[in-house]
Structure formats: C-alpha cells, structure tokens
Amino acid sequence: MSEQEKEKMLELLSDEAVFGLSDAEIAELAELEKNFPELNDESFELAAASIGMLNLDTSEPLPAHLRTKIASDAEKYFASRSGKTEVSASETPAEKEEEFQKTFAFEPKRSVWQWLGWAVAAAACVVLAVNIYTTQRQLNELAKATPTPTATPQIKLTATQEREQLIASAKDVVQSNWGDFDPTKPKNVQGDVVWSNSAQKGFVRFRNLPVNDKTKETYQLWIFDENQKQPIDGGVFDANEAGEIIIPIDAKLKVQKPKMFAVTAEKPGGVVVSPLEKVMAVAKVSA
Amino acid sequence: MAETILHRVARGDKTAVQDCLSKYGGLVWSLARRMSANTDDAEDAVQEIFIDVWKNAERFDETQSSETTFIAMIARRRLIDRLRYAKRRISADSLEDIVSEPSNRADEEMQTNIEAKDAARALNQLRPEQRQVLQLSIVQGLSHQEISDATGMPLGTVKTHARRGILQVREFLGMSSMEGMKGGTAA
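Chains as they are written, first to last, in my numbering: chain W, 1 to 287; chain G, 1 to 187.
Hints are computed from structural coordinates only; laboratory data are not their basis.
All values reported here derive from a predicted model rather than from experimental measurement.
Among the hints, erroneous ones may be present.
As the list claims (entries may be wrong) - Each computed DSBU-like pair below joins lysine-lysine, with the alpha-carbon atoms no more than 30 Å apart:
| # | chain 1 | residue 1 | chain 2 | residue 2 |
| --- | --- | --- | --- | --- |
| 1 | W | K214 | W | K69 |
| 2 | W | K187 | W | K69 |
| 3 | W | K171 | W | K252 |
| 4 | W | K171 | W | K216 |
| 5 | G | K23 | W | K257 |
| 6 | W | K267 | W | K201 |
| 7 | W | K278 | W | K171 |
| 8 | G | K14 | W | K69 |
| 9 | W | K267 | W | K278 |
| 10 | G | K55 | W | K229 |
| 11 | W | K257 | G | K55 |
| 12 | W | K267 | W | K229 |
| 13 | W | K171 | W | K214 |
| 14 | G | K14 | W | K6 |
| 15 | W | K69 | W | K254 |
| 16 | W | K185 | W | K214 |
| 17 | W | K201 | W | K76 |
| 18 | W | K76 | G | K55 |
| 19 | G | K117 | G | K55 |
| 20 | W | K76 | G | K14 |
| 21 | W | K216 | W | K185 |
| 22 | W | K216 | W | K201 |
| 23 | G | K55 | W | K69 |
| 24 | W | K257 | W | K185 |
| 25 | G | K23 | W | K76 |
| 26 | W | K229 | G | K117 |
| 27 | W | K259 | W | K278 |
| 28 | W | K201 | W | K187 |
| 29 | W | K252 | G | K117 |
| 30 | W | K259 | W | K201 |
| 31 | W | K259 | G | K117 |
| 32 | W | K278 | W | K229 |
| 33 | W | K259 | W | K284 |
| 34 | W | K254 | W | K229 |
| 35 | W | K259 | W | K171 |
| 36 | G | K55 | W | K34 |
| 37 | G | K55 | G | K14 |
| 38 | W | K214 | W | K284 |
| 39 | W | K187 | W | K214 |
Given these sequences and hints, build the entire structure.
Here's what the structure looks like:
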C-alpha cells in the first residue's frame with residue numbers, strides 16, 4: 001500500500017466532493033477504499049456541502065403537495081422497515097436495501113391507486129368520445145339548416161408593427177440593449193429586447209446576428225427571472241437574413257421580474273437546459 | 001442535550017418526519033432547485049433525497065457536523081448522482097454569476113445560515129483562484145472542463161485548486177481527521 005495509492009485516494013475523495021466522479025473513478029475509489037477504509041470519513045463531502053449552502057435562498061418552503069408526498073413516502077418506508085424487522089432482524093444491509101427496493105420500490109408513479117386512476121381516466125375518455133360524436137352530429141345537422149356568416153377580415157400585423165404597438169400601449173415595457181457576454185471575444189451583436197410583464201409579451205431585435213446553418217444549430221432565447229431559479233426558455237429562432245430581424249419572445253413560463261436576457265446557439269430544435277457554450281449576446285435589465 | 005431530529009427519525013418517531021420537513025425542507029428544496037434542470041426534476045430529486053435522509057438518519061454523528069450540513073451532504077450526493085446521468089453540468093444562474101464576478105460572492109454577512117457563514121469564512125482564507133474554482137464547481141455546478149474554458153486555467157490547475165481548496169476548507173471547518181494530501185498535481 002503505497003503513499004501514491006493513499007494520495008490517489010485522497011484526490012479521488014476531493015474530486016468526488018467537488019465535481020462528482022465518473023464510473024471508472026468510482027470503481028477505482030472503491031478498490032482503494034479496501035486498502036484505506038479509515039480515510040473515507042465523509043469529511044470532504046461535508047466540507048463541500050457547507051460551501052454548497054453559500055448564497056442559498058432557503059426562504060422558499062417545500063411546496064405543500066411535495067411535502068405531503070414525502071410524508072406519505074416516509075410512512076411507507078418506516079412501515080416497510082418496521083415490518084421487516086419483525087420478520088428478520090439478522091439480514092445484511094444489502095438485503096435490507098433489496099427488501100426496501102422491493103417493498104417501497106421508489107416507483108410511486110406506478111402504484112395501484114394510480115393504475116386505478118388510469119383505468120378511470122380511460123373509461124372517462126370513452127364516455128367523452130361518445131358524447132363528442134353525438135354532439136358533433138347534432139351540430140352538423142344544425143349547421144346545415146343555418147346560414148354561414150361571412151368571416152370578418154383580420155389585418156395581420158408584422159413583428160415590427162406589433163413591437164411598436166407594444167411599446168406604445170404597455171406602460172411597463174422594459175428595454176435593454178444587447179451586449180457581449182465575454183468582452184474578450186466580442187460578437188458585436190446589436191439590437192435590443194423589449195418586454196412587458198403585464199402583457200407577458202416582448203420582442204428581440206438583432207443586427208449582426210450571424211445567419212445560422214439550420215441543419216447544425218439554432219438560436220435560443222433565455223430569460224433570467226429574479227423569481228425563478230432556472231432561466232426561462234424564451235423560444236428558438238433562426239437568423240435567415242443578415243439585416244435587422246425582429247422575433248417575438250415565446251416565454252414558456254410566466255415572467256415576473258426579468259433581470260437578464262441571453263441568446264445562445266444550440267443544436268437544432270433547442271435544448272431544455274443550455275450548456276451555455278456559445279452565448280451570442282446578453283442584455284441586462286436595469287433595476 | 002435535546003435529542004436531534006435525525007436521531008428521533010432513526011428510532012421511528014413519526015413526528016420527527018414532520019419536524020425534519022419543517023426545518024430542512026426549504027434547504028433541500030433550494031439545493032435541488034439550484035442543481036436540477038427544471039422543477040419536475042427538482043421534485044423527483046427531493047423525494048429521493050428525503051428517502052436517503054430517512055435511511056441514513058442513524059449514521060448522523062453530531063460530533064462530526066451539524067444536522068444541517070449532514071442533510072446538505074446527503075442532498076448534494078444524490079443531486080450529483082442525478083447530474084451524472086442527466087449530464088447537466090451548469091446551474092441556471094451561473095451565466096449571470098460568471099458575468100458578475102463570482103469571486104466576490106462569498107460575503108459572510110450575506111449568508112442565511114450559520115453553516116454557510118462558516119463556509120464563507122473558510123473560503124475567504126483561500127487563495128482567490130482556489131476560492132473561484134470551488135465556487136464555480138460547488139455553488140455553480142460547473143465541471144472542471146467548463147471552469148477551464150470559462151477562466152482560461154489549464155485543466156490540471158483547476159483540479160489542483162479544487163483539491164487544495166477543499167482540503168483547506170475541510171481543515172478550517174474542523175472536519176479534518178485524516179492525513180492531508182501531500183503535493184498533488186502540479187499547477
């Protein structure tokens with residue numbers, strides 16, 4: 001058992017605490033633990049956990065529905081544990097874990113009640129389908145006897161007109177100019193973003209945003225909201241032409257207090273969570 | 001001394017579960033939100049974390065750490081495990097944090113719990129590069145490669161700063177009971 005091995009184990013323990021380990025590193029650490037069991041005392045993980053609490057806003061309580069679910073899970077867990085203790089108190093930790101997985105299974109989404117729920121839902125769908133069919137027939141018959149009204153012609157505004165209309169009509173419009181994310185690697189994207197909370201509507205305007213190859217990547221907008229831990233997906237779009245382009249923002253969640261907007265280049269179709277590898281521009285909203 | 005919540009959980013006291021959720025629910029929820037891709041993922045993670053808490057309650061040793069830190073460790077362990085599969089290596093607000101110089105964000109006064117205040121004090125003992133690497137990795141969730149890309153430090157240097165930094169924090173917080181690393185990878 002060399003000093004080198006010991007040192008390697010300490011390196012792996014610190015890497016585990018800070019970054020997490022790959023499968024190969026986990027296996028390597030498990031091997032080393034056999035030689036140095038006294039070294040693995042969780043102290044690195046406890047230190048990392050302390051740092052992990054920095055700048056953590058814990059004022060938001062656990063959502064009520066989640067709390068109820070966890071309490072219910074806990075009851076099942078303790079019931080399975082106490083029941084098992086009566087049957088066999090001499091089982092190994094591995095057997096306990098296996099038994100726990102069997103009884104508790106951590107698959108609450110597939111409980112009997114939920115299967116029952118699905119069955120009820122399926123039956124309801126059949127009833128609904130029959131109802132829609134009969135109603136539709138009645139409506140068709142009624143339509144045959146009723147004159148069709150002439151549709152009112154609607155004027156479709158361009159994105160430019162809609163943007164101007166929003167700026168003119170909404171009193172809470174915020175406006176911010178695009179800038180570089182990393183000034184040492186300037187992309188020189190220009191333009192601005194406008195957003196109205198009350199209308200939940202906004203537009204991004206770009207100049208110098210490179211035309212993207214749609215087969216390789218697309219642009220995606222992100223909205224950083226003070227009340228959201230995760231950035232809100234603001235929609236994907238392509239830059240089809242070199243001049244000025246205006247795109248409506250398609251926020252997937254309600255925006256409450258936007259503090260920054262960012263545009264990234266992502267794989268075609270966009271992503272749920274951005275690796276933020278290619279940030280094209282950011283626009284910070286003034287307080 | 002009053003019995004800890006985790007010890008009450010360990011001996012099957014049902015009221016302890018509610019006490020645990022009341023006292024640590026917000027902490028676990030915040031950690032899960034910070035390290036999960038979306039709210040659904042965070043909810044799944046929190047359920048798994050509390051099962052881990054019930055299972056590990058009897059291992060809690062109040063001479064080693066506070067209950068808060070122990071629960072945060074269990075949460076972090078589970079969240080890192082989930083990240084390994086989700087391959088999500090960056091927290092939601094890291095972009096903004098990078099923009100706003102993360103090295104300035106370990107102010108002790110800003111911290112809401114005593115453990116975080118201690119951690120802030122410990123971080124402030126480190127060299128700025130070590131502090132930056134630990135904040136970007138642990139608080140922001142960046143991988144060593146991402147930190148290397150973001151800061152321009154070579155990958156080996158990032159790892160060295162992380163290792164030496166966590167070692168010192170561990171010692172500063174009185175969690176060190178073993179022999180420290182000697183040397184380590186050259187920066």
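A quick look at each hint next to the structure:
A threshold of 30 Å between alpha carbons decides the hint, and for K214/W with K69/W the separation of about 43 Å lies outside it, so the pair is violated. As the CA atoms of K187/W and K69/W are separated by approximately 48 Å, the hinted pair breaks the 30 Å bound. Of the pairs offered as hints, the one joining K171/W and K252/W holds, with about 23 Å between alpha carbons and a cut-off of 30 Å not exceeded. As the CA atoms of K171/W and K216/W are separated by approximately 40 Å, the hinted pair breaks the 30 Å bound.
As the CA atoms of K23/G and K257/W are separated by approximately 28 Å, the hinted pair is consistent with the 30 Å bound. Between K267/W and K201/W the CA atoms are separated by roughly 25 Å; this keeps the pair inside 30 Å, and the hint holds. Annotation: proposed proximity of K278/W to K171/W is violated, straight-line Cα distance about 34 Å (limit 30 Å). Our distance criterion of 30 Å between C-alpha atoms is met by K14/G and K69/W, whose separation comes to about 15 Å.
Between the alpha carbons of K267/W and K278/W the distance comes to roughly 11 Å, so the proposed pair stays at or under 30 Å and holds. Restraint check for K55/G and K229/W: the C-alpha separation of about 29 Å stays at or below 30 Å, so the hint holds. In summary, the hint linking K257/W to K55/G is not supported, as the alpha carbons are separated by about 40 Å, beyond the 30 Å threshold. For the hint linking K267/W to K229/W, the alpha-carbon distance of about 23 Å falls within 30 Å, and the restraint holds.
The suggested pairing of K171/W with K214/W is violated, with an alpha-carbon distance near 37 Å, which exceeds 30 Å. Distance restraint check for K14/G and K6/W: the Cα-Cα separation of roughly 43 Å exceeds the 30 Å cut-off, and the hinted pair is therefore not satisfied. Annotation: proposed proximity of K69/W to K254/W holds, straight-line Cα distance about 26 Å (limit 30 Å). Between K185/W and K214/W the CA atoms are separated by roughly 23 Å; this keeps the pair inside 30 Å, and the hint holds.
Distance check on the hinted pair: K201/W and K76/W sit about 46 Å apart at the alpha-carbon level, beyond 30 Å; violated. Note on K76/W and K55/G: the hinted pairing holds, with a Cα-Cα distance of about 13 Å set against a maximum of 30 Å. The hinted pair formed by K117/G and K55/G meets the criterion: a straight-line CA distance of about 28 Å does not exceed 30 Å. The hinted pair formed by K76/W and K14/G meets the criterion: a straight-line CA distance of about 12 Å does not exceed 30 Å.
With a CA separation close to 22 Å, the supplied pair K216/W and K185/W stays within the 30 Å bound. Taking the CA atoms of K216/W and K201/W, the gap is near 29 Å; set against the 30 Å cutoff, the hint holds. For the suggested pair K55/G and K69/W, the alpha carbons sit about 17 Å apart, so the restraint of at most 30 Å is met. Between K257/W and K185/W the CA atoms are separated by roughly 29 Å; this keeps the pair inside 30 Å, and the hint holds.
Taking the CA atoms of K23/G and K76/W, the gap is about 21 Å. The hint holds against a cut of 30 Å. As the CA atoms of K229/W and K117/G are separated by approximately 22 Å, the hinted pair is consistent with the 30 Å bound. For the hint linking K259/W to K278/W, the alpha-carbon distance of about 20 Å falls within 30 Å, and the restraint holds. Between the alpha carbons of K201/W and K187/W the distance comes to roughly 27 Å, so the proposed pair stays at or under 30 Å and holds.
With a C-alpha separation of about 36 Å, the suggested pair K252/W and K117/G falls outside the 30 Å cut-off, and the hint is violated. At most 30 Å may separate the alpha-carbon atoms for a hinted pair to count; K259/W and K201/W meet this at roughly 15 Å. Annotation: proposed proximity of K259/W to K117/G holds, straight-line Cα distance about 27 Å (limit 30 Å). Taking the CA atoms of K278/W and K229/W, the gap is near 21 Å; set against the 30 Å cutoff, the hint holds.
Annotation: proposed proximity of K259/W to K284/W holds, straight-line Cα distance about 6 Å (limit 30 Å). As the CA atoms of K254/W and K229/W are separated by approximately 13 Å, the hinted pair is consistent with the 30 Å bound. A distance of roughly 18 Å separates the Cα atoms of K259/W and K171/W; the hinted pair therefore holds under the 30 Å criterion. Under the criterion of a C-alpha separation no larger than 30 Å, the hint pairing K55/G with K34/W is consistent with the structure, at around 23 Å.
For the given pair, K55/G sits about 14 Å from K14/G by alpha-carbon distance, which is consistent with the 30 Å threshold. Only pairs whose Cα atoms come within 30 Å are accepted, and K214/W paired with K284/W is accepted, the gap being roughly 28 Å. For a cut-off of 30 Å, the pair hint linking K187/W to K214/W stands: about 19 Å separates their Cα positions.
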